[in-house]
Amino acid sequence: MEILINDQKLDVTFGEEKNLDEVYRGVERWLGEHGRHILDFRIDGKPIRRETLAHYDLAHTGLLEIIAGDTQDMLLSSLVELDHYVDKIGSYLFDRTEISLSATDLEQLQEGLLSIEDVLESARRILGIDLSRSGHAEKSMKEVQKRLKELLHNQDADFRDEFLENLRDLKSFLMRLIGQLRAMRATPESLLEELDTFYQDLPTIQQAFANVNAQFNRGQDITALEELDLASERLDHVLAHLNALDYHLSGRGVPLAALSLKGKTFRQKIDDLSGLLEELSSAFLEGDLVAVGDILEYELGSELEELRPYLTEIRPLFVASLVAAQS
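Throughout the sequence shown, residue numbering follows my numbering, covering 2 to 328 in sequence.
Hints are supplied without guarantee of correctness; some may be wrong.
[Unchecked claim] With a straight-line Cα cutoff of 27 Å, these simulated BS3-like cross-link-like pairs (lysine-lysine) come out:
| # | residue 1 | residue 2 |
| --- | --- | --- |
| 1 | LYS19 | LYS47 |
| 2 | LYS89 | LYS150 |
| 3 | LYS143 | LYS270 |
| 4 | LYS19 | LYS140 |
| 5 | LYS89 | LYS143 |
| 6 | LYS172 | LYS143 |
| 7 | LYS10 | LYS47 |
| 8 | LYS140 | LYS47 |
| 9 | LYS172 | LYS140 |
| 10 | LYS47 | LYS89 |
| 11 | LYS147 | LYS172 |
| 12 | LYS270 | LYS172 |
| 13 | LYS172 | LYS150 |
| 14 | LYS150 | LYS140 |
| 15 | LYS10 | LYS89 |
| 16 | LYS89 | LYS140 |
| 17 | LYS172 | LYS89 |
Simulated from the structure, these hints should not be mistaken for lab results. Because the structure is a prediction, the values reported are computed rather than measured.
Construct the complete structure from the given sequences, taking the supplied hints into account.
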C-alpha cells in the first residue's frame, strides 16, 4: 500500500499495523510532531468515514491519500464543516411541523452543541478571539451558546423560533470568521488585487445598498431582502480582507490599526462598519424594516464614502511592504 501526503509519496515501512486505523493513527502522530494535521483523506480514490478504517485490511488497500495542513488550515476546515452542520440543524428545525423534539433529536442536538463549543474554543485558542465579546451586536458567542443550551433544556412554546434566531447569530459569526481566516491565508499579492478591486467597486457597493432602500420604499420587500443579503455578504468579504491586510502589515511592523485620518483610526473605521452591519442584521432578523431603512439611508452610505481615503493611504504602504519583502 502507498501513502500520499499532499500528493507526495511517503517513504514508509509497515511494522505491526494490522489495519488502516492503526496506519492512520501512526501518520496522524507523525504529522502532529511536525505541527501538521490531517484535514481529509481518501482510500483508493474514495472518501471513507473515519470510524470504518479498522475494517480495512492493508493487504486489500492500494492507496491512502491524505491532505494535511497546519493549525489554521485545520481550524478553517473545522469551521466550514461546522457551518454546514448549522445549516442542516436550521433547515431541519424550520421544516418541522412539530415544535417538541423527540428523545433522539434532543440527544443529537446536545451532542451538536458540544461540537460547536469545541470548535469555537479552538478558534479562541488559535486566533486569540474573545468569545465573551465577539459575535452579534447585542449577544456575544458565549451568550449565544449558553442560550442554545437553555432552550434545549426548557423547550417552551417559543423554543423553535428563538433557537433558530440564535442559530442565525452563530451562522453569521461563523461566516465572518471563515472569511477572515481565508483572507489571512491569502497571499499578499492576492490581497493587493482585492484592495484594488474593492476601491473600483466601492461606488457599486454603495449603489447596491441605496437600491435596497429604494426597493423597501416601493414595497418590494422580498427583492430588497435578497439584494440586502448579497450586498452585506460582499461588504463582509471586503472587511475580512481589510483585516487580513492589517494582519500581514502588522507582521512586517507596519500595523494599519493606528493609521489615522481626521482623528479616527483605521481600526475604529472598520469597527464602525462592522457594527453597522451587525445593527443591520439585527434589525432585519427582528423585522424592523424602519430601522433597516434608516441605517441604509442615513448611515451606511456615508460610512462607506469615508472609507475611501483610508484605502488611498493603505495601498502605497502595502506595496512598499511587498517590495521590501522581495529585496
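Check: Looking back at the hints listed earlier, which ones does the structure fail to meet?
Finding: 4, 8 and 15
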